[in-house]
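**Q** Starting from the given sequences, assemble the full structure and let the hints guide the process.
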Amino acid sequence: MGNYVPKYLMNIWFIFILFLIPLFLTNYTNTFMIPSSLMNLNTIFLSILIEALPFVLIGVLIAGFIQIFITEEHIQKWIPKNKFMAVLMSCAVGALFPACECGIVPIVRRLISKGVPLHAAIGFMLTGPLINPIVIVSTYMAFGNDMKIAGLRMVLGFLIAIIISLLVSLLFQGSQFKSGIHHEKSLENAKKQPFIKQFFNMLKHSIDEFFDMGKYLIIGAFLAAFVQTYVSTKTLFEIGNDVSSSILVMMLLAYILSLCSEADAFIGASFSAIFPDFSILAFLIFGPMIDLKNTIMLLGVFRFKFVMWLLFLVVSVIYISILILSKYI
Amino acid sequence: MNFHFQQAIRAVILFAFSAMIFNLHQTGEITKLINPKYENLSKTVAILFFILFVVQLTRIFSFSTKDHHHCHHTGHHCCHHDHGNSPFNTKKLFSYLILIIPLATGFFIPAKTLDASIAEKKGGMMILSKQTQAAETEDFTEAAIPNQSAGDDLYGDHAPDPNLMEERQEIPEEEYDHLKKELSQKQTIHMTNHIYTIYYDDINSNASKYKGKKIQLTGFVLKEKGFKQNQLVLSRFLITHCIADSSIIGFLSELPEAQNIDEDTWIEATGTIDISTYNGEQLPIIKIANWKKIEEPKKPYIYPIDIRVGL
Chain V
0 MGNYVPKYLM
10 NIWFIFILFL
20 IPLFLTNYTN
30 TFMIPSSLMN
40 LNTIFLSILI
50 EALPFVLIGV
60 LIAGFIQIFI
70 TEEHIQKWIP
80 KNKFMAVLMS
90 CAVGALFPAC
100 ECGIVPIVRR
110 LISKGVPLHA
120 AIGFMLTGPL
130 INPIVIVSTY
140 MAFGNDMKIA
150 GLRMVLGFLI
160 AIIISLLVSL
170 LFQGSQFKSG
180 IHHEKSLENA
190 KKQPFIKQFF
200 NMLKHSIDEF
210 FDMGKYLIIG
220 AFLAAFVQTY
230 VSTKTLFEIG
240 NDVSSSILVM
250 MLLAYILSLC
260 SEADAFIGAS
270 FSAIFPDFSI
280 LAFLIFGPMI
290 DLKNTIMLLG
300 VFRFKFVMWL
310 LFLVVSVIYI
320 SILILSKYI
Chain B
0 MNFHFQQAIR
10 AVILFAFSAM
20 IFNLHQTGEI
30 TKLINPKYEN
40 LSKTVAILFF
50 ILFVVQLTRI
60 FSFSTKDHHH
70 CHHTGHHCCH
80 HDHGNSPFNT
90 KKLFSYLILI
100 IPLATGFFIP
110 AKTLDASIAE
120 KKGGMMILSK
130 QTQAAETEDF
140 TEAAIPNQSA
150 GDDLYGDHAP
160 DPNLMEERQE
170 IPEEEYDHLK
180 KELSQKQTIH
190 MTNHIYTIYY
200 DDINSNASKY
210 KGKKIQLTGF
220 VLKEKGFKQN
230 QLVLSRFLIT
240 HCIADSSIIG
250 FLSELPEAQN
260 IDEDTWIEAT
270 GTIDISTYNG
280 EQLPIIKIAN
290 WKKIEEPKKP
300 YIYPIDIRVG
310 L
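Keeping their order, the protein sequence lines are chains V and B. With the first letter of the first sequence counted as 1, position 204 gets the number 203 in numbering that gives the first Met the number 0; the numbers rise by one all the way through. With the first letter of the second sequence counted as 1, position 228 gets the number 227 in numbering that gives the first Met the number 0; the numbers rise by one all the way through.
I should point out that these hints are in silico values taken from the structure, not numbers from a laboratory. Hints may be right or wrong, so weigh each one.
Claimed, not checked - Simulated pairs of lysine-lysine, DSS-like, Cα-Cα distance not exceeding 27 Å: (1) B:K90 with V:K177; (2) B:K292 with V:K214; (3) B:K90 with V:K233; (4) V:K214 with B:K111.
**A** Have a look at this one:
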């Protein structure tokens, strides 16, 4: 019982801060002390969050579902032993699965802890947000009802995702989870329990998952909002005036803006005056695969080294393939 | 009976998320954050949070006779993520604080309409002058394919009721063509929120067709280095999904008093469309004849209209 007192104190402090924050903030707003750039930052931050929450909640609910209803045996049965086949299958499943890049991280984490091999999970993560009906339609419309960009985005994105996942399968073994998150050993799933009970457990797991991922989502959204408020994209446009640098600039833009894959086509289209089609394509393929907000969420699950390697692989594979294809697009 | 402090905190946070989103809808602030098209989605989220809150309530108290840890039912240790039962420490305090930040700012700091400083970060005039260029090239490809439905007037005497149209964000292709056709016949173009993007695209792509026509529009004032003393941009933000994906649209305008009008002032103006050059790019500009300051409109943003393509 010795540690009971400090724990109790902690709670007092916690409640204290909880009440302090709103007071502090209301005082400031009443006197209009907040500079307008901070107000802008806050508005964009909230807007990214409100936009992402539906997808994150869907993500944590699916993660909860996987945790309760899917067993290791299922996974063993479904995923091909052959690495290439596994990657191909996971990319195809991802392509059929409508997800957003922020909602997919908790799902991927749950899949890996259920025994899905890393390369398959990564393949799923890369194609999930990139290829789905909503993204196809919005890209089609954003580019003046033209199928070319939308088609290239899907086909190239799919091929690139396969290449990256294969590279991951060659370079990495195990779950690559950061310490503290362990691989699920075995779970004798509570099959005997009634469905209602299981459903209830699923919701409880979803809540825990939300509290695990929530903080990373918030930090990511905040950083993205910060960049949008204080970094001018104008200077970027001035750098990107030849083939290779324009691709890099658009990829950097996709990374720091952290747009939702359902909405990024319109932004991409608005740059089509400044940059050639292949750079826009790099923007459209790179953004949904990995971005600033998403990186922070990945860092909440995977080892730092692995996330950096993944980022490096995604960047270089997309950059090289777009550069090679730039003559033909 | 045991009381679980952290589970209670989690319940409070879940409830607060639900309440914050409801509150944003109640106060109408939500329109300053996301495209109204996605309002129902965000309401669903508020309901979901509430359901999760109710589920979470059951975890606050546990009875010592029954094991409170739900994983124990399975008979195996399976807890690889935090269930909120492990001891409270600084790290956890930090992570709960992070979750509270958006709740606090969402409740207590009012959302702000995006202003000229953001417009400038988004590329400002540089983007605007390029939009014309893009429209020109797009138009070129469009011209190669003959437009079939442009010929016949589908509505005849029964033009669509403008009041009905105002709320919709999706129109069939025929109606879109009809609107475009109507636009080219009008003597005075009134840029209302609903048709802004359709008219904007068309004016930018066929500026010469509209030269000399009268136009009435509202927007906030944006100025940039390199503008002449009589120049300003009457700009709006176009919101696809949420304001993080906003992009800037608007017309370069000329009026003698321009230098006396501050940035971010909302004005309503009428003027004539003309063609001019800016940094070597040809683009439509508006020579403003009459203008007045107005309050920031209730709906400051423009939302793109989806054109339903009839197959």
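**Q** Each hint should be assessed against the structure and marked as holding or not.
**A** Now for the hints, and whether the structure bears them out:
A C-alpha spacing of about 16 Å is found between K90 (chain B) and K177 (chain V), which places the hinted pair at or below 27 Å, so the restraint holds. For the given pair, K292 (chain B) sits about 43 Å from K214 (chain V) by alpha-carbon distance, which is inconsistent with the 27 Å threshold. Between K90 (chain B) and K233 (chain V) the CA atoms are separated by roughly 39 Å; this puts the pair beyond 27 Å, and the hint is violated. Proximity of K214 (chain V) to K111 (chain B) is assessed by CA-CA distance (about 24 Å); at most 27 Å being required, the pair is judged to hold.
Going through the hint list in order, the structure does not satisfy hints 2, 3.
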